[in-house]
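Asks: Construct the entire structure; sequences and hints are all you get.
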Amino acid sequence: MTDNRPLTILNNSLGNNVIVELKYGKEYRGKLDGYDPHLNLVMEDVKEFINGEKTREMDEAMVRGDNVVYVSP
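Numbers 0 to 72, taken from numbering that gives the first Met the number 0, label the letters of the sequence shown in order.
None of these hints come from the bench; they were simulated from the model. Ideal Cβ placement from N, Cα and C applies to all residues, glycine included. Honestly, I wouldn't trust all of these hints.
Calculated pairs, BS3-like style, for lysine-lysine (alpha carbon to alpha carbon, straight line, at most 27 Å) [said to hold, decoys possible]: (1) K30 x K53; (2) K53 x K22; (3) K30 x K46; (4) K46 x K25; (5) K25 x K53; (6) K46 x K22.
Okay, the calculated beta carbon distance ranges per label pair [unchecked claim]: (7) V41 x R4: 16 to 22 Å; (8) N11 x N50: 27 to 33 Å; (9) E52 x D2: 34 to 40 Å.
Replies: In structure tokens:
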């Protein structure tokens, strides 16, 4: 049986590209470098999209867990 708990899925996604949907129509796409139990995320090579339009690129980003709607591996 597969372990599909949220933190296990995040752990399996470390070092891989993920899509992070944020509140207010923002989306970050990049490599997941780290996380904590509050869903605070550290990402690198991040592309930011607002309402589907790419707005900027960042070498690194730290995302506050309260702003995360979902993370897709």
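Asks: Hint by hint, note whether the structure agrees.
Replies: Hints versus structure:
no.: 1; hint: K30 x K53; result: holds, 17 Å
no.: 2; hint: K53 x K22; result: holds, 16 Å
no.: 3; hint: K30 x K46; result: holds, 10 Å
no.: 4; hint: K46 x K25; result: holds, 10 Å
no.: 5; hint: K25 x K53; result: holds, 10 Å
no.: 6; hint: K46 x K22; result: holds, 16 Å
no.: 7; hint: V41 x R4: 16 to 22 Å; result: holds, 20 Å
no.: 8; hint: N11 x N50: 27 to 33 Å; result: holds, 30 Å
no.: 9; hint: E52 x D2: 34 to 40 Å; result: holds, 36 Å
Of the numbered hints listed earlier, not one is contradicted by the structure.
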